[in-house]
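Peer 1: Here's the letter readout for the chains.
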Amino acid sequence: MPTLRPESPEEVQEAVRAYPRLRAQGGGTKPALSTPKEGEGLLAYEPEEFVFTAFAGTPIAEVEEALRAHGQYLPFDPPLAGKGATLGGTVAAGLSGPLRHRYGGLRDFLLGVRFVDGEGKVVRGGGKVVKNAAGFPFHRLMVGALGAFGVMVELSFKVFPRPRTTRTLRVRREGLEEALADLERLRLLPLDLLALDFIPPATLELRLGGFERSVEARLKRLQDLLGEGEVLAEDEAHWEAVRDLGFLEGSPVWVKVPAKPHLIPRLEALPLGPRRYLDGGEVLYAGTTEEGLKALREAGLPHLVLRGAEAPLFPEPQGAFFAGVKKALDPKGRFPLG
Amino acid sequence: MGFLEELKALLPGRVLTREAELAPYESDALTAYRKRPLAVALPERKEEVIGVVRLCHQYGVPFVARGSGTSLSGGSLPVEGGVVIALNRMNRILRLDPKARIAVVEPGVVNLKVSQEAAPFGLYYAPDPSSQPVSTIGGNVAFNSGGAHCLKYGMTANHVLGLEVVTPTGEVVRLGGESLEGVGPDLHGFFVGTEGLLGVAVEITLRLLPRPEAYHTVLAAYPSLEAAGEAVSRVIRAGLLPGAMEIMDRLSIEAAEKAVRAGYPLVEGLLIVELEGPKEEVAEEALVLERVLRESGALELRVAGSEAERQAIWKGRKAAFSAVGRLSPDYLVQDGVVPRSRLGEALKEIQRLSREYGLRVANVFHAGDGNLHPLVLYDGKKPGELERAEALAGEILRLCVRLGGSLTGEHGIGVEKKGYMPEMFAPEDLLAMEEVKRALDPKGLANRGKVLPEVAGAHA
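Residue numbers (this note's numbering), protein chains in the order written: chain A, 1 to 338; chain B, 1 to 460.
Check the hints yourself; a few may be wrong.
[Claimed, not checked] In silico DSS-like links for lysine-lysine, alpha-carbon gap of 27 Å or less: (1) B:LYS418 with A:LYS327; (2) B:LYS99 with A:LYS220; (3) A:LYS121 with B:LYS418; (4) B:LYS382 with B:LYS258.
Think of the hints as simulated: they come from the structure by calculation, not from any bench.
Could you build the full structure based on these sequences and the hints that come with them?
Peer 2: Below you can see the structure in the form of structure tokens.
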């Protein structure tokens with residue numbers, strides 16, 4: 001496959017019309033997938049609206065720098081930002097980081113898209129306001145689709161004010177069972193944690209954010225609940241490393257697995273390498289090998305490979321609904337999947 | 001056997017065809033529109049819904065799925081000669097799993113019921129459209145319903161984790177799952193908000209959230225609507241993220257006072273701000289909020305000191321729509337969105353339009369997310385007044401799109417707004433929607449005549 005470097009939505013349209021098979025690529029941080037890089041940069045950002053619009057090829061780091069200057073952030077915490085991940089690549093892969101625990105994931109913050117469909121048409125879905133129910137929501141269709149329905153050229157997101165202060169409490173438990181019991185208890189409490197991660201075999205990390213005095217008081221309450229543990233006062237660098245999936249460095253295969261607390265014992269019995277469960281056990285990022293992937297497939301557990309395998313998605317999307325949407329937007333099968 | 005006979009065999013004693021039985025289904029909350037269906041089917045299990053859809057597909061009969069019929073955009077208006085699939089009898093919560101923080105429900109479950117059932121576990125279902133004591137989850141899914149908390153918590157789409165759907169050709173698919181994260185295309189997210197054009201959801205998996213620990217509710221009175229709007233901008237600029245921010249204008253305040261005596265000050269603009277979260281955090285935010293509101297030129301500030309006082313503040317707001325209804329024989333509820341920073345501009349223009357058309361407009365809206373709800377008052381008995389009210393409502397929609405907003409924040413397009421779709425979407429956007437519709441519903445049976453304007457290449 002030759003490499004094209006389109007610099008505008010029009011050039012993406014031309015490329016789509018000219019080639020029978022295409023795969024878009026952004027920052028190349030998830031080589032098993034590879035997604036869009038066509039024009040980059042912020043197009044519009046009004047801090048007071050909690051909304052920005054940018055070209056799909058814009059690096060997350062660039063967006064976050066602009067947001068930070070106005071005390072705002074991307075609450076879904078896109079992974080691999082420090083490694084060059086782009087907005088489009090993050091949407092196509094459908095990835096969120098540890099901070100998703102507080103306000104939700106990527107799907108909860110994407111407001112609109114412009115994409116080039118399989119016929120070379122530029123199509124817009126959603127909008128640029130935080131509340132909108134008009135028309136078919138093509139933007140949500142892009143999440144996790146690996147570019148199956150088109151090449152994204154422009155994306156609009158909702159953003160929130162950044163927590164003023166943060167603290168992290170790390171507690172170690174005797175074993176898996178005890179750690180999971182605490183995890184399940186914490187999930188039901190109105191603690192408004194920024195992050196709630198479980199690191200096997202038996203460590204929990206809880207991140208708090210807000211006003212200085214409130215964070216101190218809430219940290220104390222958490223310690224009353226869970227024990228003294230270890231407090232990270234300067235926790236920024238730690239969480240940046242987590243969302244850059246630093247704990248997977250050295251593993252040949254990187255995989256994302258949707259989870260639930262009750263699935264964790266099952267997942268823990270599989271041959272997986274370094275790993276971390278984010279958002280109270282709702283999603284697992286693990287390093288593994290072909291053996292681990294085989295075990296996931298045999299267990300029938302859906303997953304997405306970010307690095308190190310040929311077939312990234314298990315299972316491949318099936319059924320009449322996917323087939324219909326695919327046929328409508330990519331009738332000639334130029335794009336991945338289906 | 002013909003279609004009706006087969007339908008009756010499928011649902012013995014649960015197919016309505018007599019004129020008097022059909023009458024309640026001829027219209028929904030958009031009462032200006034009426035259509036007579038051929039029949040109303042009352043399935044009680046998902047297998048029956050699937051059976052009805054398959055039968056409709058086989059005979060080429062259009063169908064409209066319906067919950068409580070609270071659509072304000074005519075989304076559940078029947079198709080002439082088609083079948084209404086009334087889902088109210090499918091009102092079971094199939095599974096409520098607090099550990100997984102999910103509820104699996106049938107489409108006819110009433111929104112509020114989910115939160116009531118989840119309450120003993122300290123959980124709730126966040127989307128709270130004003131219709132929540134009546135409207136069903138199935139309808140909320142079709143229309144991506146909103147409510148007063150969308151800025152912070154998102155809309156229905158953000159709270160649906162999985163769906164079982166019968167497509168218009170009668171195939172049954174499972175979309176999404178139970179986890180907050182998935183892999184592969186977010187097909188369930190895409191289905192939510194397609195207004196029943198792509199199938200009927202027969203089972204829905206919802207995410208539940210822990211109920212906030214503390215609330216802090218403030219009522220602020222302003223000498224003008226613009227000042228109330230400006231106060232919202234100040235709250236946002238201060239870095240706060242309230243759960244809800246609501247504004248009412250003088251006409252709505254007066255109406256609410258007459259209806260429920262909420263004890264509101266009679267001013268030009270009233271702002272309700274509600275903070276929610278852990279008690280220590282709310283206490284700190286409340287200090288910032290008070291400073292911001294004092295600086296914003298509020299004539300009066302009232303802080304709810306108890307749950308009863310909090311409910312009293314909300315009572316007038318919640319009653320506002322029906323209260324305004326008492327001021328006038330008829331009214332249209334409009335639903336448009338503008339970027340928050342353009343609220344003042346939008347309100348000024350709405351007031352100008354109101355004078356130009358000689359019709360009163362009451363404003364009650366979700367200020368945090370720029371979602372306007374102008375209520376256009378008219379008298380349907382006066383010749384031409386409905387048409388004038390509709391024209392005025394249309395001008396307001398165009399205004400929203402012109403200011404960079406949307407035709408609808410939460411009521412959907414339905415029949416009411418489909419004519420305005422080309423104002424917001426380019427022909428290519430609409431064509432893509434039509435192509436998706438055609439691929440999944442080649443006969444154009446599911447909720448025919450809604451959402452998509454009659455333009456080039458339209459189906460059926």
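Peer 1: Within a Cα-Cα threshold of 27 Å, do LYS382 (chain B) and LYS258 (chain B) meet the stated pairing?
Peer 2: Between LYS382 (chain B) and LYS258 (chain B) the Cα gap is close to 25 Å, so the pair holds against 27 Å.
Peer 1: Just to be careful, I want the Cα atoms of LYS418 (chain B) and LYS327 (chain A) compared with a cutoff of 27 Å; is the pair within it?
Peer 2: Since the Cα atoms of LYS418 (chain B) and LYS327 (chain A) sit roughly 25 Å apart, the hinted pair holds (cutoff 27 Å).
Peer 1: Taking 27 Å as the top limit, are the C-alpha atoms of LYS99 (chain B) and LYS220 (chain A) close enough?
Peer 2: The hint holds at about 25 Å.
Peer 1: With a cut-off of 27 Å on the C-alpha distance, tell me whether LYS121 (chain A) and LYS418 (chain B) pass.
Peer 2: Measuring from Cα to Cα gives roughly 22 Å; hence the hint holds.
The earlier numbered hints are all upheld by this structure, with none contradicted.
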